[in-house]
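**Student:** Below, each chain spelled out in residue letters.
Protein chains: 2
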Amino acid sequence: MTVLRSGNLQRDRCGVLTVEIEHVDVATLEMLEKQGVDCQPKASTIRIIQDKYLQKVHFSQHAIPLPEFMQIDDLEGAKRAGDLFGYPLMIKSKRLAYDGRGNAVAGSVGELSSAVNALGGYGRGLYVEKWAPFVKELAVVVARGRDNSIVCYPVVETIHKENICHIVKAPANVTWEIRKRATDVAYRAVSSLEGAGIFAVELFLTGDGQILLNEVAPRPHNSGHQTIESCYTSQFEQHLRAVVGLPLGDPSMKVPAAIMYNILGEDEGEPGFILAHQLIRRALGIPRATVHWYDKPEIRKQRKMGHVTIVGPSMSDVEQRLKSMLKEEGSDCQSAVTPHVGIIMGSDSDLPVMKDAAKILNMFDVPYEVKIVSAHRTPEMMFTYASSARERGIQIIIAGAGGAAHLPGMVAALTPLPVIGVPVRVSALDGLDSLLSIVQMPRGVPVATVAINNATNAGLLAIRMLGIQDADLLARMSQYQEDTRNGVLTKAEKLEKDGWESYLNP
Amino acid sequence: MTVLRSGNLQRDRCGVLTVEIEHVDVATLEMLEKQGVDCQPKASTIRIIQDKYLQKVHFSQHAIPLPEFMQIDDLEGAKRAGDLFGYPLMIKSKRLAYDGRGNAVAGSVGELSSAVNALGGYGRGLYVEKWAPFVKELAVVVARGRDNSIVCYPVVETIHKENICHIVKAPANVTWEIRKRATDVAYRAVSSLEGAGIFAVELFLTGDGQILLNEVAPRPHNSGHQTIESCYTSQFEQHLRAVVGLPLGDPSMKVPAAIMYNILGEDEGEPGFILAHQLIRRALGIPRATVHWYDKPEIRKQRKMGHVTIVGPSMSDVEQRLKSMLKEEGSDCQSAVTPHVGIIMGSDSDLPVMKDAAKILNMFDVPYEVKIVSAHRTPEMMFTYASSARERGIQIIIAGAGGAAHLPGMVAALTPLPVIGVPVRVSALDGLDSLLSIVQMPRGVPVATVAINNATNAGLLAIRMLGIQDADLLARMSQYQEDTRNGVLTKAEKLEKDGWESYLNP
Numbered sequence: 001m002t003v004l005r006s007g008n009l010q011r012d013r014c015g016v017l018t019v020e021i022e023h024v025d026v027a028t029l030e031m032l033e034k035q036g037v038d039c040q041p042k043a044s045t046i047r048i049i050q051d052k053y054l055q056k057v058h059f060s061q062h063a064i065p066l067p068e069f070m071q072i073d074d075l076e077g078a079k080r081a082g083d084l085f086g087y088p089l090m091i092k093s094k095r096l097a098y099d100g101r102g103n104a105v106a107g108s109v110g111e112l113s114s115a116v117n118a119l120g121g122y123g124r125g126l127y128v129e130k131w132a133p134f135v136k137e138l139a140v141v142v143a144r145g146r147d148n149s150i151v152c153y154p155v156v157e158t159i160h161k162e163n164i165c166h167i168v169k170a171p172a173n174v175t176w177e178i179r180k181r182a183t184d185v186a187y188r189a190v191s192s193l194e195g196a197g198i199f200a201v202e203l204f205l206t207g208d209g210q211i212l213l214n215e216v217a218p219r220p221h222n223s224g225h226q227t228i229e230s231c232y233t234s235q236f237e238q239h240l241r242a243v244v245g246l247p248l249g250d251p252s253m254k255v256p257a258a259i260m261y262n263i264l265g266e267d268e269g270e271p272g273f274i275l276a277h278q279l280i281r282r283a284l285g286i287p288r289a290t291v292h293w294y295d296k297p298e299i300r301k302q303r304k305m306g307h308v309t310i311v312g313p314s315m316s317d318v319e320q321r322l323k324s325m326l327k328e329e330g331s332d333c334q335s336a337v338t339p340h341v342g343i344i345m346g347s348d349s350d351l352p353v354m355k356d357a358a359k360i361l362n363m364f365d366v367p368y369e370v371k372i373v374s375a376h377r378t379p380e381m382m383f384t385y386a387s388s389a390r391e392r393g394i395q396i397i398i399a400g401a402g403g404a405a406h407l408p409g410m411v412a413a414l415t416p417l418p419v420i421g422v423p424v425r426v427s428a429l430d431g432l433d434s435l436l437s438i439v440q441m442p443r444g445v446p447v448a449t450v451a452i453n454n455a456t457n458a459g460l461l462a463i464r465m466l467g468i469q470d471a472d473l474l475a476r477m478s479q480y481q482e483d484t485r486n487g488v489l490t491k492a493e494k495l496e497k498d499g500w501e502s503y504l505n506p
Numbered sequence: 001m002t003v004l005r006s007g008n009l010q011r012d013r014c015g016v017l018t019v020e021i022e023h024v025d026v027a028t029l030e031m032l033e034k035q036g037v038d039c040q041p042k043a044s045t046i047r048i049i050q051d052k053y054l055q056k057v058h059f060s061q062h063a064i065p066l067p068e069f070m071q072i073d074d075l076e077g078a079k080r081a082g083d084l085f086g087y088p089l090m091i092k093s094k095r096l097a098y099d100g101r102g103n104a105v106a107g108s109v110g111e112l113s114s115a116v117n118a119l120g121g122y123g124r125g126l127y128v129e130k131w132a133p134f135v136k137e138l139a140v141v142v143a144r145g146r147d148n149s150i151v152c153y154p155v156v157e158t159i160h161k162e163n164i165c166h167i168v169k170a171p172a173n174v175t176w177e178i179r180k181r182a183t184d185v186a187y188r189a190v191s192s193l194e195g196a197g198i199f200a201v202e203l204f205l206t207g208d209g210q211i212l213l214n215e216v217a218p219r220p221h222n223s224g225h226q227t228i229e230s231c232y233t234s235q236f237e238q239h240l241r242a243v244v245g246l247p248l249g250d251p252s253m254k255v256p257a258a259i260m261y262n263i264l265g266e267d268e269g270e271p272g273f274i275l276a277h278q279l280i281r282r283a284l285g286i287p288r289a290t291v292h293w294y295d296k297p298e299i300r301k302q303r304k305m306g307h308v309t310i311v312g313p314s315m316s317d318v319e320q321r322l323k324s325m326l327k328e329e330g331s332d333c334q335s336a337v338t339p340h341v342g343i344i345m346g347s348d349s350d351l352p353v354m355k356d357a358a359k360i361l362n363m364f365d366v367p368y369e370v371k372i373v374s375a376h377r378t379p380e381m382m383f384t385y386a387s388s389a390r391e392r393g394i395q396i397i398i399a400g401a402g403g404a405a406h407l408p409g410m411v412a413a414l415t416p417l418p419v420i421g422v423p424v425r426v427s428a429l430d431g432l433d434s435l436l437s438i439v440q441m442p443r444g445v446p447v448a449t450v451a452i453n454n455a456t457n458a459g460l461l462a463i464r465m466l467g468i469q470d471a472d473l474l475a476r477m478s479q480y481q482e483d484t485r486n487g488v489l490t491k492a493e494k495l496e497k498d499g500w501e502s503y504l505n506p
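Going down the list, the sequences are from chains A and B.
Residue numbering for the first sequence follows the numbering used here, beginning at 1 and increasing consecutively.
Residue numbering for the second sequence follows the numbering used here, beginning at 1 and increasing consecutively.
Derived by calculation from the structure, the hints in this document are not laboratory data.
We put the beta carbon where it would ideally sit given N, CA and C, even for glycine.
Treat the hints with caution; some may be incorrect.
The calculated lysine-lysine pairs, modelled on BS3-like cross-linking and capped at a C-alpha distance of 27 Å, are [to be verified]:
(1) K359/B with K180/A
(2) K359/B with K359/A
(3) K180/A with K94/A
(4) K323/A with K301/A
(5) K371/A with K355/A
(6) K323/A with K304/A
Just the calculated beta-carbon pair ranges, DEER-fashion [claimed, not checked]:
(7) P247/B with P133/A: 27 to 33 Å
(8) C14/B with W293/A: 19 to 25 Å
(9) D295/B with G285/A: 30 to 36 Å
(10) K327/A with E33/B: 34 to 40 Å
(11) W500/B with A63/A: 41 to 47 Å
(12) D483/A with E33/B: 25 to 31 Å
(13) E162/A with S149/B: 47 to 53 Å
Input sequences plus hints: build the corresponding full structure.
**Tutor:** Here is the structure:
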C-alpha cells in the first residue's frame, strides 16, 4: 500500500493506492486509475469531496439532509442568498478548506463584502450555507470494505474551538434515537460514494432533533483518533483492512467512555513547545490517559501537534480526569475518585441497617457515597439525585426505605441505572410493608429487591453486578463465597468435635 | 533511549540505555555504567538474570519460594542431585537458555548422561532443579519506575507446547487467593533487583496452591503481549515510562478477558509462510482479534513469527473464537454467539411468565438461553448449570420459580454471577410464598428479586446491569424509558380529550 505523495507510481509496484488527505491532485489520481492503479477510495469520491460545493450537490441529490446552500459569484448573488437564508450567513470556499480555514461568517448584509474578501474574493469559488442552528456537532466514522460491507463506529460528539476540533467525546451524550438517526445519515452518505476506506461524517444536531450533514472526509479523521484506545479496531487498522480487501474489524467500544483532546500549538517556536510539553507531562500522570505526539518539526499557533486520549468507566470519570489534566478550577487531581455506587436512604434511622452495604463495598475497594434522600420529605432532591446519578458516574444505586417505601422505585423510574432496594423494617408489620412497597413494581421499572434489613446482600449484589465486566471483582466474589463456606465448615467441625451441648454452653 | 546493539555509545548522546534481551555482554554494560551511561535495568540485574543458576541463588537468598536446585559439575554430582531430588530431574544450562533451549529432562539415573550431553556437557555450566509438580504456569508482568514505584499487571496463565510459550490467558482462571499470592511473589522478586523497567516473572502453581518462582526476564516479554489490546497501558509503553522516569501507567485490564496466541513457524521456508498466512487470514475474520506479524526475514520451525490477541466479554467467549480461528472440531465459526443471560425456570409451567424476560432481551439484542432446571427435581443439573455458568460466558442468570421457590437462591449460592429471581404465582397464597422464598435470602447470598410474575422487569433489570459497562445498552434503556413515558402521555392526552366515559366505552 502506498500513500500518495507523487504521481510516479508504477502499476505493478503498487497493490492499492489510498490518500491521507483529500486535497490532492485528483486529475493525477484519475490518470492513474486509467492506467490500472487501484485507488481506494475512488478518484471520483475524492473529486466530489475536495470541492465542498460539489459535495453538497452530491449529497442533496442523494437525499441526505443538509443545510440549504447555494453558489455565489458576486455581491448580488451573496445578497440574494442573504435574503433567502437570513443572517448570520456562512460563506465558504469550495476548495482547500479545513480546520476552519475557508469559512467566514457574515453577521449582516453589511458584512458580506469583508467576509468574502477574507476568503480571497469570489474568484476563489464560494458558496453560502444557511446557518445551521445546531446544539451539538456529532461525527460518525464509517468504514466500507471493497465488498461494500459497511460498519459504523459509535456516534461521537465533537467540540470545536475557533473552528478547530478541540475535544471528541465518545460516545456522544445524546439519546439512542438521535444516535440511530445520526448513524443512518452517515451510513447513507457513505453508501452514495465509491470505493473502500474510512470515511468520517461530520453532522449537526439541531434543537428539534434533526441531523444535518456538515461534510465528509474520505480518510481516517480527527474525530476517530480515540478509536486507537477505545475500540476493538482502530480507524487506522480499519482503513488498511478496508482498502486492501480484508474483512472489516469490530468497530464497537471496549471501554464505556473516551475523550480525545487535541494538543494545539498555543504559541510559535520554543515557548509553544514548552507549553505543549507541560501539558504532556501532566497527561502522563493521569491514569488511563495516552499521549500521542506527532513530532512535527515546527510548532505554530492552532496547529495540531498531538493528542491525548483518556478512557474510563464513565464519561464523568474521564471528564474529571481531563479537567485535572487541564488544571481547571474545581478539579482535584488524580486522587479524586468518582463514586461508583450511591447508597441512599430515606432517613438517618435507616443508617444502622444501610451501613452494612457500605461495609461490603469497603471490603471490595469499590468507591461509593452515602446520602440521605427522602422520597416524601425531599422529593426535589430525590429527583435531582436520581436523574443526575448516571452523569456523575454512579453505576449502581442502593436505596433503603421503610414502611410505604417509595424511594427505591421512584429512583428507578428516574434513572436507567440498576437500583437495588433494601426494605427496612420499621414499627409495624415486621417489614412486610417495606418489602412489598419496594418489590411489587409495575412492568417497566425494575427494582432489585433484597431481604428485609439485609443491606449486606445489597452490597454483595452490587459487587456481583460490577463483576460482570470486572474479572478481578468476580474472582474476589468467588473468594468471598469460598471464605464464607470455610467459615461454616469450621463451625461444623467444632460442633462435630465438641458435641451440641458444649457447643451451646462453651 | 537506545537499544543496546553495540558498545559504541557516547554518554552525552545517550539519555538512558535499556535491553530488549538479557543475553548481552554484561561486562560491556558494566563498563558503560562506570563511564556514566545510565542503564535501566542495572547491569547487576542483567548479570544475575542471564545466569539462571545465579538467578536462583539470588532469589533464594531473598526468600522467594522456588524449586530446590543445585549446581552439578560431573556425573557424580548429577547422581547425588538425582538421589536428593528424585526423578524426573530437570537439568538446565546456566546461560543462554530460553524458549526451552538449554533444558533437558532425565527420567531416571540412566538418562543423566544423555541429557547432559544434549546440553553440551558439564563444561557448559549446568545445574539441576527438583521437578516442580505444577498444575499451571502463571506469569506476572511487573513494572518498576526509577523512583522504585512498582505496579503489577494481572496474573496470566501461560500454556507451553514443547517448552515454547503457545498461549497466554489473561486473567488466569485461578482463585483470588492464588492471584494475590502470585502477585506477592512477583512483587518481592522484582523488588530484590536493581533498576527500572518491565520484568516478567514466570511462576509455577502447584497442586497444593503453592507459588514457586520459575524465572524472571528483565524486559517486555511474551507473557505480556496481550497487554497491547487488553490493558490501559501496554507493557511496551510501560517499559519506556519506567526507564525514562515517567509516572507508571495503569496496568489493569480494560476488557474482561484476553488470549494471546503465538504464531510459531510450522515449517521451514515458503510452506511455513503459507501456513502462517492461512492462519492470519482466518484471524482477520475473527471479531475482536488483532494480528501482529513480526516480518522476520526467514521462517523456521517453532520460531515466533507473530501473535494474535483476541479480547472479549468473557474467557469462554475468547476461547470459542480462538477455537474457530484454529478450526478446531466442535467450534462453530464467527456465527456462534455465547449467550450472556441464562433464563431458567423450575418447570415448563413457568414459561408463560418467564417468556417476558426473553422478549425484553430480544428487544435489546442481548443473546440468551432458556432452560428448564429444577432445584427439587433435577438438583444435579441445577448444580452443574449454576457452577459452570460463569465459565460458559453467562453473565447474569434470571431464575423463575413458584411456591417453595428455591431455584434462584440455590443458584445464587453456586455462582458469583448476579442472579435475578422471579417469583411465579402458583395455586396458593397469590405468589406471596414464591416471593418470600426468593427474596428472604440469608446474609452472604443475594438474589435480586422482582415483583410476582414480573419477568419483564427481570429482563429490564438484566439490561440495566449489562448497561453498567455498555454505554449503548444504557442509552437504549433511557430510550425505552422515554418511549414508555410517551406511551403513557398519549393515553393521558386521549383521556383528556375524550373524557373518562368514552375512554372506558370507546
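**Student:** Now tell me, hint by hint, if it's right for this structure.
**Tutor:** Here is what the structure says about each hint:
1. For the given pair, K359/B sits about 21 Å from K180/A by alpha-carbon distance, which is consistent with the 27 Å threshold.
2. For the given pair, K359/B sits about 37 Å from K359/A by alpha-carbon distance, which is inconsistent with the 27 Å threshold.
3. Under the criterion of a C-alpha separation no larger than 27 Å, the hint pairing K180/A with K94/A is inconsistent with the structure, at around 30 Å.
4. About 22 Å separates the Cα atoms of K323/A and K301/A, which keeps this hinted pair within 27 Å; it holds.
5. Taking the CA atoms of K371/A and K355/A, the gap is near 11 Å; set against the 27 Å cutoff, the hint holds.
6. The hinted pair formed by K323/A and K304/A meets the criterion: a straight-line CA distance of about 20 Å does not exceed 27 Å.
7. At about 44 Å, the beta-carbon gap between P247/B and P133/A misses the expected band of 27 to 33 Å.
8. For C14/B and W293/A, the hinted distance range of 19 to 25 Å is satisfied, since their beta carbons lie about 21 Å from each other.
9. Distance hint check: the CB atoms of D295/B and G285/A are about 35 Å apart, consistent with the given range 30 to 36 Å.
10. Between K327/A and E33/B the C-beta distance comes to about 38 Å, which sits within the given range of 34 to 40 Å.
11. In this structure the supplied range 41 to 47 Å holds for W500/B paired with A63/A, their Cβ-Cβ distance being about 45 Å.
12. Against the hinted window of 25 to 31 Å, the Cβ-Cβ separation of D483/A and E33/B comes to about 48 Å, which falls outside the hint.
13. For the pair E162/A and S149/B, the supplied restraint of 47 to 53 Å is violated, since their beta-carbon distance comes to about 40 Å.
Against the hints set out earlier in the document, violations occur for numbers 2, 3, 7, 12 and 13.
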